[in-house]
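Q: Chain residues, written in single-letter form:
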Amino acid sequence: MSAHSSAQPGLPVLPGALFGSRQGEITQVPSPLQRAVDVTFRRLCHAFAWFTILLVTFIVLRIAMSAAPAMREQGWGFLTGRVWDANAGQFGILAQIWGTLYTSILALILGTAFGVAAAVFLSEGFLGSTIFGLLKYFGVHLHPWWGRLPDQIERILKELIELLAAIPSVVYGLWGIFVVIPLIRPLCHALHEHAGWIPLFSTDLSGPGVLPAVIVLAIMIMPTVTAISRDALVSVPVKLRMAAYGLGATRWESIFAVILPTASRGIAGGIVLAFGRALGETMALAMLVGNSNQINLSLFSPANTLAALLANNFPEAGPREVGLLMYAALVLLGITLVVNIMGAFILQRAAKNAAE
Amino acid sequence: MAEPLSNPNLGIEDPFAGVDFSELEHSLRRPRTFMDFVLNGLVTLMTLSALVPLFSVVLMLLWRGGKRLGLALFTQLPPAPLETGGGFGNAIVGTVLMVLLAVLLSVPVGLMTAIYLAQAKQSKVAEVVRFAAKVLTGFPSILAGVFAYGAIVLTTGGFSALAGAVALSVLMLPTIVLTSEDALRMVPSRMKEASVGMGATSTQTVWMVLLPTAMPGILTGVMLAVARAAGETAPLIFTALFSNYWMWSHGEVQVLQPTASLAVLIYNFAGMPFKNQVELAWAAALVLVLFVLIANLIGQSLSNKQVQQG
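Note that the protein sequences, when read in sequence, are chains A and B. Throughout the first sequence, residue numbering follows our numbering, covering 8 to 363 in sequence. Throughout the second sequence, residue numbering follows our numbering, covering 24 to 333 in sequence.
What the hints contain is simulated information worked out from the structure, not anything from laboratory work. Among the hints, erroneous ones may be present.
[What the hints assert, rightly or not] Calculated cross-link-like contacts (lysine-lysine; reagent style PhoX-like; alpha-carbon spacing at most 25 Å):
1. K144(B) - K359(A)
2. K147(B) - K215(B)
3. K328(B) - K359(A)
4. K165(A) - K328(B)
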């Protein structure tokens, strides 16, 4: 910036008058116009910040108000009814609530097991040390290109797992229909034949069902668990790890006794957030769960979820059904809000603890 | 080592007196070491098997979707059940248009909110806003659709691209707010102080110092939000619905008509018994995943730039 520019002082410079400096000076007191712009802009930012808060409130109110007539009409019976039949005029969402919770909890168990394992694998330098050992064997571990390989491969692996989260859920649904269901059907059939007395296998898989939905759902929430758990594991102080090794603990003794307990709050927050995601996930479930209102422990029977109910019935809903669906949406909103606020709260406390 | 220490003449006790050295042997015969070995293998196996779905999805997309890849996909309309051929040109246009509209709606709001958050770090309002944004991050996408249905579809009286865009922008907003705030905060405070010291008002500081410096980070957030929104189906099925026709007629773009999108096309055609439509669903999935991945990659490369600056 030249202090003495050649522009004539008499000419109006519009953007400069609003945001920039006056010609010929570097430092200066803001002009009244600039001050007015400043105050307006700051108020505007403040207003938009409030807008975000109001938006959340408005969304909740909008759904609640649309649901209010149906709530008055149906009362609590809506939550305990098992039949959704527009022709008979009977509406209940107990089967959907059950399906939502059942699939989410099963997917959470599966997704957490694999997600935390992947987080430990990525944060404890398993791959890095193995490759480093290999490189050392060949004597190239200090080579400028080969020496960077361990870090690079770990980073690529981490990004590949994050990529799992980038694939749209409708694509997972498509993949589930044409790959997962044909793949697991023979196995499910055999399990039903030979172990049908176990409630989990009491029906046969006839196409869509709980198990394919759970598998796909677990794949979708795993990256969330991995990313948050890995952050928590990496932020465990190095001296704790070193102290454990110094006392003679093996790698897994120190992981189980020191590292996982220290990171437990962060991991728990990640798991709760993943649970919230599983509860609200729609497309993969609408395509794979079978959309049949049953309450059944069997992994192979079709079921239904709240989100799938909304996705299937909203496009053709009449005014009366819209109210009922809004009621169902409100129930889903309530469940996910509680779970998400819990998750955010746990993570916030974990971050505070880590800072201290 | 132990020999001179155990010499009683020195008056020093042997520190290893009670130690059974065979206990410290690092061998797979020891249960501790064996356990370690087994768990190492297990965790490696679990991590690698977590990547199997990714490769399976990508291979299936290339194999089943790649078959139909061609110019016709981008220029033709979706076929009726027993027709052959066809494409999804209108769905691509619809997806791009709705995502663009959603960007136009959510970026100004999100960016201004982020500027407020970065300036007023500790205020009560800022904390509440941050919490609201975090709650919105975990908001089920179908409920954004329910909201847009109640707020736009019911008031305008029909399914439309606008309602779809509103639903998408609700989902994009929290990502934009949170990543932009992070990017704005990473700007070194001495740059801000230098600007203020020269007599700049805080608005001038924001526009001439903060925003240009934080731009790569902000764009990363926008691209990630775009990538997420492009793949969303649930908020679109009952806001934008679907359409078998191009979205312009008589030389005008119809924003208030039902609009096709790639994601809803995949959902509709996946359950069809007709081979042609299923093939199109796979081809649409391939195009959609490419679109999402490119948006993600652009975001990633921009975020690398941001790190170098900070």
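Q: None of the hints should be skipped; say for each whether it holds.
A: Going down the list of hints, with the structure as the test:
1. Restraint check for K144(B) and K359(A): the C-alpha separation of about 16 Å stays at or below 25 Å, so the hint holds.
2. Distance hint between K147(B) and K215(B) is fulfilled; the C-alpha atoms sit about 23 Å from each other, no more than 25 Å.
3. At roughly 29 Å between alpha-carbon atoms, K328(B) and K359(A) are farther apart than 25 Å, so this suggested pair is violated.
4. Proposed proximity of K165(A) and K328(B) is supported: the alpha carbons are some 19 Å apart, at most 25 Å.
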